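Residue-level listing of the chains:
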Amino acid sequence: DGGITQSPKYLFRKEGQNVTLSCEQNLNHDAMYWYRQDPGQGLRLIYYSQIVNDFQKGDIAEGYSVSREKKESFPLTVTSAQKNPTAFYLCASSIDGRGSYEQYFGPGTRLTVT
Amino acid sequence: GQQVMQIPQYQHVQEGEDFTTYCNSSTTLSNIQWYKQRPGGHPVFLIQLVKSGEVKKQKRLTFQFGEAKKNSSLHITATQTTDVGTYFCAGQIYSGGYNKLIFGAGTRLAVHP
Numbered sequence: 001d002g003g004i005t006q007s008p009k010y011l012f013r014k015e016g017q018n019v020t021l022s023c024e025q026n027l028n029h030d031a032m033y034w035y036r037q038d039p040g041q042g043l044r045l046i047y048y049s050q051i052v053n054d055f056q057k058g059d060i061a062e063g064y065s066v067s068r069e070k071k072e073s074f075p076l077t078v079t080s081a082q083k084n085p086t087a088f089y090l091c092a093s094s095i096d097g098r099g100s101y102e103q104y105f106g107p108g109t110r111l112t113v114t
Numbered sequence: 001g002q003q004v005m006q007i008p009q010y011q012h013v014q015e016g017e018d019f020t021t022y023c024n025s026s027t028t029l030s031n032i033q034w035y036k037q038r039p040g041g042h043p044v045f046l047i048q049l050v051k052s053g054e055v056k057k058q059k060r061l062t063f064q065f066g067e068a069k070k071n072s073s074l075h076i077t078a079t080q081t082t083d084v085g086t087y088f089c090a091g092q093i094y095s096g097g098y099n100k101l102i103f104g105a106g107t108r109l110a111v112h113p
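Here the protein sequences come in this chain order: G and V. Counting in this note's numbering, the first sequence runs without a single skipped number right up to 114 at its last residue. Counting in this note's numbering, the second sequence runs without a single skipped number right up to 113 at its last residue.
Just chain G, with the same shape it has in the complex (with noise of 0.2 Å):
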């Protein structure tokens, strides 16, 4: 059964600690990304990657980080330098970063920073 996964689906962490987020795809695509969802508010691009061992900042990657180490994760690392870390955060995938494809979304995981 192919698809995203992301764990934990909740997250509660105390202010000053970092937190890393899981995101598994088993879909084969190159291009990985990361998103941050707040109550009404659309979808903001944290960072994404194009392929392996590469990637690029999005437009609020400020006090987080990534890596790309295999194909198939892709963990974003919420740093103490975020400054409202609390929020939903989705990943997603595309076959690839340069068509025109959709993005296949994980369930997501709700962090809560006290």
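Keep in mind that the hints were calculated from the coordinates and are not lab data. Predicted, not measured: the structure shown is a model, and the values here were computed from it. Note that the Cβ used here is the ideal one computed from N, Cα and C, for glycine as well. Any given hint could turn out to be false.
Label pairs and their calculated CB-CB ranges [to be verified]: (1) V/Ser95 - G/Ser67: 22 to 30 Å; (2) V/Ser26 - G/Gln56: 21 to 29 Å; (3) V/Lys51 - G/Ser67: 35 to 43 Å; (4) V/Lys57 - G/Gln41: 23 to 31 Å; (5) G/Ser67 - V/Gly16: 45 to 53 Å; (6) G/Asn26 - V/Arg38: 19 to 27 Å; (7) G/Gln41 - V/Ser95: 20 to 28 Å; (8) V/Thr77 - G/Asn18: 43 to 51 Å.
We have chain G; now place chain V onto it with these hints.
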């Protein structure tokens, strides 16, 4: 920067009524995609429009792409309770060797039986 504006933000309808959401981009788009997000869920791709003036239908849903490739609409005929959710448009622009999706803020649809 590039923006995609979407209206209305929220709409209540009675079951059976029609519903329309509109998107407008500040720049010409390569194409536009539409996604639906059910409450508590994640966005799911509905359709992609590529050509100027294109119209596509999926059962009760009609999607249009403007002649200038800067605006788009989604119209649902005779809404049902299963249509509940947030509908997002996402304009695609080609920038820096990468096809970037810019999402609108979404229109949240509530359907009363």
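Okay, the hints, checked on the actual structure:
1. Checking the proposed 22 to 30 Å range against serine 95 of chain V and serine 67 of chain G shows it holds: the Cβ atoms sit about 23 Å from each other.
2. Restraint check, serine 26 of chain V to glutamine 56 of chain G: a C-beta distance of roughly 22 Å satisfies the suggested window 21 to 29 Å.
3. Taking 35 to 43 Å as the suggested C-beta distance range, the pair lysine 51 of chain V and serine 67 of chain G conforms, at roughly 38 Å.
4. Between lysine 57 of chain V and glutamine 41 of chain G the Cβ separation comes to about 29 Å, which falls inside the hinted range of 23 to 31 Å.
5. One distance hint, 45 to 53 Å for the beta-carbon pair serine 67 of chain G and glycine 16 of chain V, holds here, with the actual separation near 50 Å.
6. Against the hinted window of 19 to 27 Å, the Cβ-Cβ separation of asparagine 26 of chain G and arginine 38 of chain V comes to about 23 Å, which satisfies the hint.
7. A beta carbon spacing of about 21 Å between glutamine 41 of chain G and serine 95 of chain V agrees with the range 20 to 28 Å that was offered as a hint.
8. About 49 Å separates the C-beta atoms of threonine 77 of chain V and asparagine 18 of chain G, a value consistent with the hinted range of 43 to 51 Å.
The structure meets every hint from the earlier list without exception.
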